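Visitor: So you can see what is in the structure, the chains are spelled out below.
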Amino acid sequence: MRLLHNYHYAAAMLLFCLGLHTVIVRRNIIKKLIGLNIMETSVFFFYISLGYLEGGIAPIRTGGADPARMVNPIPQALILTGIVVAVSVTALALSMVILLYRQYGTLDVDRLMREEEPEAGESGKEG
Amino acid sequence: MGAWRHFPIFMITVPLLGAVLLPFLGYAREKWVPYASLLPLGTSALLGVLLIGRIPSGGYLSYHMGGWEPPFGIEIRLDYVGLFLMLVVCGITTLALVYSRHYIEKEVSGGRRTAYYVLYLLMSGAMLGFVATGDIFNLFVFMEILALSSYALVAITGNRNAVRAAFKYILMGAPSSIMVLLAIGFLYSVTGTLNMADLARRIAESGFTEVLIVSYILLVVGFGVKAALFPLHMWLPDAHSIAPSPISALLSGLLVEVCAFALVRITLSVFTMRASDLVMGTADAVGVAAAAAVLYGGIMAILQKDLKMMIAYSTVSHIGYIFLGLTAFTAEGLTGAMYHMLDHGLAKACLFLCAGNFIYLKGYRRIEDLKGAWVQMPWTCFAFALASLSVIGIPPTAGFISKWYLILGNVKGGKWLYAAVLLAGSILAAVYCLRIIYYMFFQSGKEGAWEEYWHDAPPAMLAPVWVLSLATLFFGVFSSLIIPSLLKAAAYLL
Amino acid sequence: MKKVAALLFISALAVLLLFVVAGMPPMGDPGNPTVTHVIPRYLERAEEETHTVNVITGIILNYRGYDTMGEVTVIFCALAAVLAVLGRERRGVIHGFVDRSEVPASVIVKTMVRFIVPFIILFSVYTILHGETSPGGGFQGGAVIGGSMIIFTTIFGLYESSRRIPLKVRAPLEGAAVMGFFLVGSLGLVGGGNFLTYAWPRVAQGLHPSLVVWLTVLVEVGIGLGGAMVLTSILFAMIREEEEIAPAS
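Protein chains in written order, with this note's numbering: chain A, 32 to 158; chain B, 25 to 518; chain C, 2 to 250.
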């Protein structure tokens, strides 16, 4: 049936759910970021599989390659951008993890979020 | 074919280029950075103003990047509503930038000030690009620039709570972006195109209903997190209250609204004709969530002790208003939603900047501390009061106009319950706003809390506050400048 | 309790998504909308219109160049964001006093790394410049340079690598990608077309191939350099060990 034929997509969806589960459930913030990366990678995998053509060849026009048999170049172009975006978010998130660890001494999200914010009177600065 | 055709793309790229060039200036003469960063934004604002009147209110301006016609190239598609929003963005970002000069000097440590202005320009340019684009993947790219710059700007003071709030924002914002990307993938797989106009045509004819429904749901959730629609709003109170005040103003006043606008555009312009079968189910859910947002945000705002937290929850409430305007599916409701983006942007930015004034001068963040504030800071207090009137919806402010149309739109659409919710929201807003006004003007502060004479914020911080609050009055009285064209544009969209 | 709720939610989502997958067009089918709608034009005419043999490069730099401009802005924004959070090293001061690993790298590793890194950089330059004719492109090459710097910094420490690529080299080049796009885009206006047009209408048809190729290479090199410098700067910012990274709260 169709689901089995589209097994690439199905695998991508399962990975996506796995990644989202990791982001939601894990307490260690680095594991959450890994889960985020799994989600992102699964979406990239999904996109590239979209471009697949039965018996296709790479979309590079050399040596008389037949355009009708080339795989779809658009998802690949989109994913190049997507990867850059994913890298950027991961880099920023990791920088914040570095800061958070220095300031709070923990990587556990429950302990991080549970600390009360100081009342304003003490410091003139934000928060 | 005049030169003005090219204005939109320059409105977008000039701030981005400015952001890239700013570090060089920061290296040479750091003092000039705040002033220099006004140049790109001022240019965008000027170009935007010059574009007024060039776009017919039923039509749009279409610009093909690189000369390739869509769907082979990316198109910039600017209709009347889009230009309207771009101008709102330009205006508020410029004002908050003027405000930033003093505030950032005090709150952000030296090495990061240039980074602040760089990120600020990136965020502004990205917002403009986000509103103007006609290609759905391009929308995603600009949304990411917007998201990244906002994550960093929330954390920029380096304060522990700020970093924590920013991280919480990332933990909700990043997965939502991925969901949007996945949804775009689904849409692409069944239509083969990324251009929004082309998508609309192909979706209308497409037979792959399950895929379309799920991609719409993913888009609603993805943009809903960014637009802080209840119950996806959890990141907002911390992030908006802890960010530096000019950034809070931008985030609450512009960012969440622009993301709400993106969802509106996707619903009406991309999923158009299928709106009746595909979208309605989800739209009903959105309506319920929006109504809950109005009430929840209002109640939580009343319960807050910290001024900026209160204003942040008020934002949650008002985003509900915008979505209730969408789900009414009438021209009046949509007009109300659009106009609310204007007046909420102005009023909310004004409120946050006023809060910033209190923090900058006295370090006071709690509502309690505002008792008797008018003795020392009457200008700020009056501006706050004026903006609050718009938040509550009292004539003749712009807030009244938008709420009028929102309620009218819902009544016309047969959604009496939502109209009642909107009224209830105004009552809740009256409670939390009037309480502050009462404290500021009619109570006296503790000993030594306030100085005896007038010593308000410096002019660079007062002027934007006053421009914003007067603007809420102006757009209330002179709403006839904009409303008829909005009504026409809204009817066209539907 | 929260775990059970999360598990239920994820399972429901998985079922929903698999349901969607079952409803999608079959993978690899030549009749798919993705294959029939826009792609044939790209595949057929990319060579004449973009003068690049690699259709994907033609798409990302020419047809959808605006998206790539957004992409380089994203990476620049990431740099600005990381620097806003972590702070930048002070000018003229070289940081990285500590060899960070507990087990110092052996002589074999150090020699191999020092030997290989130049070849990696050579390979990345090749990748950047050959984006038009073979798989590759600007950002890919830039990322490889970033990777080589990671290896180098891990083995030799921050001091050595920031001597190799000091701030005064990195800082001007970080924005190279965006500036390159803006330059080429504005030139497109001068040439009579829209923003980011490569084949200028005002110029004779015969000149177009070399014009387009040169502009494409310009943009490509900008992206490559910019990406490499951004990734390196992010790396250095994250590795730098310093007391005053955040004000005491």
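Rather than coming from a laboratory, the hints here were simulated on the basis of the structure.
Please note: incorrect hints may appear among the correct ones.
Quick partial rundown of chain B residues pointing at chain A, CB under 7 Å, derived from the structure [said to hold, decoys possible]:
| id | residue |
| --- | --- |
| 1 | V73 |
| 2 | G77 |
| 3 | R78 |
| 4 | E168 |
| 5 | G209 |
All figures in this text were calculated on a predicted structure; none of them were measured in a lab.
Even glycine gets a Cβ: it sits at the ideal position worked out from N, Cα and C.
Visitor: Please go over all the hints and tell whether each is borne out by the structure.
Guide: Each hint, compared with the structure:
1. V73: violated, 32 Å
2. G77: At about 35 Å, which exceeds the 7 Å cut-off, the nearest Cβ of chain A leaves the hint on G77 (chain B) violated.
3. R78: Constraint on R78 (chain B) not satisfied, violated at 31 Å.
4. E168: At 5 Å from the nearest chain A Cβ, E168 (chain B) passes the 7 Å test, so the hint holds.
5. G209: Hint on G209 (chain B): holds, closest Cβ of chain A at ~5 Å, below 7 Å.
Of the numbered hints stated above, those contradicted by the structure are hints 1, 2 and 3, listed in ascending order.
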